[in-house]
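Peer 1: Residue strings, one per chain:
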Amino acid sequence: MTTVLELVAHLVRTSSDDLAEIANKSGSANFNFKANEKARTIHSQLTECCVINQWTSQVLNDRKMSDMNMEQATAFFQKAEDDYDTLEKANAFLASATARLIAAIHDFPVEKLDDTLTMPWGETRTFLTLATLAVWNMNYHQGQINYIHLYLAAEAA
Amino acid sequence: MSTVKELAVARIEKTSKALLAAAEKLSPEQGVWKPMDKGRTALSQVFECGFINNNIAETLNARDYPASSIPELMQTMQKAEHEHDTLEKAIVYLKTSSVFLFAAADNFPEKHLFEEVKLPFGMFTYEALLFQAYWNMSYHEGQINYILQLCAE
Numbered sequence: 000m001t002t003v004l005e006l007v008a009h010l011v012r013t014s015s016d017d018l019a020e021i022a023n024k025s026g027s028a029n030f031n032f033k034a035n036e037k038a039r040t041i042h043s044q045l046t047e048c049c050v051i052n053q054w055t056s057q058v059l060n061d062r063k064m065s066d067m068n069m070e071q072a073t074a075f076f077q078k079a080e081d082d083y084d085t086l087e088k089a090n091a092f093l094a095s096a097t098a099r100l101i102a103a104i105h106d107f108p109v110e111k112l113d114d115t116l117t118m119p120w121g122e123t124r125t126f127l128t129l130a131t132l133a134v135w136n137m138n139y140h141q142g143q144i145n146y147i148h149l150y151l152a153a154e155a156a
Numbered sequence: 000m001s002t003v004k005e006l007a008v009a010r011i012e013k014t015s016k017a018l019l020a021a022a023e024k025l026s027p028e029q030g031v032w033k034p035m036d037k038g039r040t041a042l043s044q045v046f047e048c049g050f051i052n053n054n055i056a057e058t059l060n061a062r063d064y065p066a067s068s069i070p071e072l073m074q075t076m077q078k079a080e081h082e083h084d085t086l087e088k089a090i091v092y093l094k095t096s097s098v099f100l101f102a103a104a105d106n107f108p109e110k111h112l113f114e115e116v117k118l119p120f121g122m123f124t125y126e127a128l129l130f131q132a133y134w135n136m137s138y139h140e141g142q143i144n145y146i147l148q149l150c151a152e
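The listed protein sequences correspond, in order, to chains A and U. Last residue of the first sequence: 156 in numbering that gives the first Met the number 0, with the numbers rising by one and none dropped. Last residue of the second sequence: 152 in numbering that gives the first Met the number 0, with the numbers rising by one and none dropped.
One chain only, chain A, in its complex shape:
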């Protein structure tokens, strides 16, 4: 019988692998493509997934919410986007952030899974549902990045 922590670690692994595959589908050429001013780039979305994975691993390891408020989080994300400004760098960041998150999930004590914390945006989550936030986020952006490919294919046809 798979435990809930083993399952979440497995979901993180598969979501991260699927996200990397989609993000690499068209190589570096469309890394910063924007369909319009409001639409996000592959670069921005991939970096966000890396930051969320890394931040989640830190919260799980510390067993408490980080002190970072939304303003600091936005600045942190912006710096990450500047630092990981190529597909190659973002891929390496995703690999390391995912590995950290999986290790943090495996090390997390099962008896604390239902303890609650307040997210920087005000939502209350348990440690378990916090760990699945990274899975949802990677699946969500996999969908968006794949739609960018669909958009580009339609434009090229």
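No wet-lab data here; the hints were simulated from the structure. Any given hint could be a false lead.
[What the hints assert, rightly or not] With a straight-line cut-off of 30 Å between C-alpha atoms, the simulated DSS-like cross-links for lysine-lysine are:
| id | chain 1 | residue 1 | chain 2 | residue 2 |
| --- | --- | --- | --- | --- |
| 1 | U | K33 | A | K33 |
| 2 | A | K37 | U | K16 |
| 3 | U | K13 | U | K110 |
| 4 | A | K24 | U | K37 |
| 5 | U | K24 | A | K33 |
| 6 | U | K110 | A | K111 |
| 7 | U | K33 | A | K24 |
| 8 | A | K88 | A | K78 |
| 9 | U | K13 | A | K63 |
| 10 | A | K33 | U | K37 |
| 11 | U | K13 | A | K37 |
| 12 | A | K63 | U | K16 |
| 13 | U | K24 | U | K88 |
| 14 | U | K33 | A | K111 |
| 15 | U | K13 | A | K111 |
| 16 | U | K33 | A | K37 |
| 17 | U | K16 | A | K33 |
| 18 | U | K24 | A | K37 |
| 19 | A | K88 | A | K24 |
| 20 | A | K37 | U | K37 |
All of these numbers come straight from a predicted model, not from anything done at the bench.
Using the hints provided, position chain U relative to the given structure of chain A.
Peer 2: The following block gives chain U in isolation, referenced to the frame of chain A:
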């Protein structure tokens, strides 16, 4: 909430609500919009999520997949798509099938979650089917919100 089943039910419920919230932001015109008249519409995606949720719920309840071959599945899907051919109908279908799926998942015995069932594309555990519904709705929530960004021009 420390069991695999409880986690699956809670995540499916939350994701279906988020997907519905995104779908309900679409105007009827945005529901059938596609880039350069190619690619996939939001309507098609909302319908697909409803159909998959319904199929997985039926599989959990009957311990058997409702189609024995890919052509049979495609035929059933085309018929259901024809019946849910507007955004309004597809949203109602997604709501109904999501409630059907929570109930089926909630009633499913935890001890049988890792048993396998035969689908036209291979063998899957019931647990994998539950998280397939979760993945599918999260993925299409992303795509529908992206369509909303594109239509915001």
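Peer 1: For the pair supplied as a hint, U/K33 and A/K37, is the alpha-carbon distance within the 30 Å limit?
Peer 2: Given pair U/K33, A/K37 holds - Cα atoms ~17 Å apart, limit 30 Å.
Peer 1: For the pair supplied as a hint, A/K88 and A/K24, is the alpha-carbon distance within the 30 Å limit?
Peer 2: 16 Å, holds
Peer 1: U/K24 and U/K88: Cα distance at most 30 Å?
Peer 2: 15 Å, holds
Peer 1: Under the criterion that the straight-line Cα-Cα distance not exceed 30 Å, is the pair U/K13, A/K63 satisfied?
Peer 2: 23 Å, holds
Peer 1: Run the distance test for A/K37 versus U/K37: straight-line Cα separation, threshold 30 Å.
Peer 2: 21 Å, holds
Peer 1: A/K37 and U/K16 were given as a pair; does the straight-line alpha-carbon distance stay at or below 30 Å?
Peer 2: This hinted pair holds, its Cα atoms lying about 24 Å apart.
Peer 1: Holds or violated: U/K13 and U/K110, Cα atoms, limit 30 Å.
Peer 2: 24 Å, holds
Peer 1: Measure nothing beyond the straight line between the CA atoms of U/K33 and A/K33; if it is 30 Å or shorter, mark the hint as holding.
Peer 2: 16 Å, holds
Peer 1: Does U/K37 sit within 30 Å of A/K24, going by the straight-line distance between their CA atoms?
Peer 2: Holds - the C-alpha atoms of U/K37 and A/K24 are around 19 Å apart, at most 30 Å.
Peer 1: Sort out whether A/K33 lies within 30 Å of U/K24, counting only the CA atoms.
Peer 2: 22 Å, holds
Peer 1: Just to be careful, I want the Cα atoms of U/K16 and A/K33 compared with a cutoff of 30 Å; is the pair within it?
Peer 2: 28 Å, holds
Peer 1: Given the proposed pairing of U/K33 with A/K111, does the C-alpha separation stay at or below 30 Å?
Peer 2: 46 Å, violated
The structure is inconsistent with hint 14 alone, although it conforms to all the rest.
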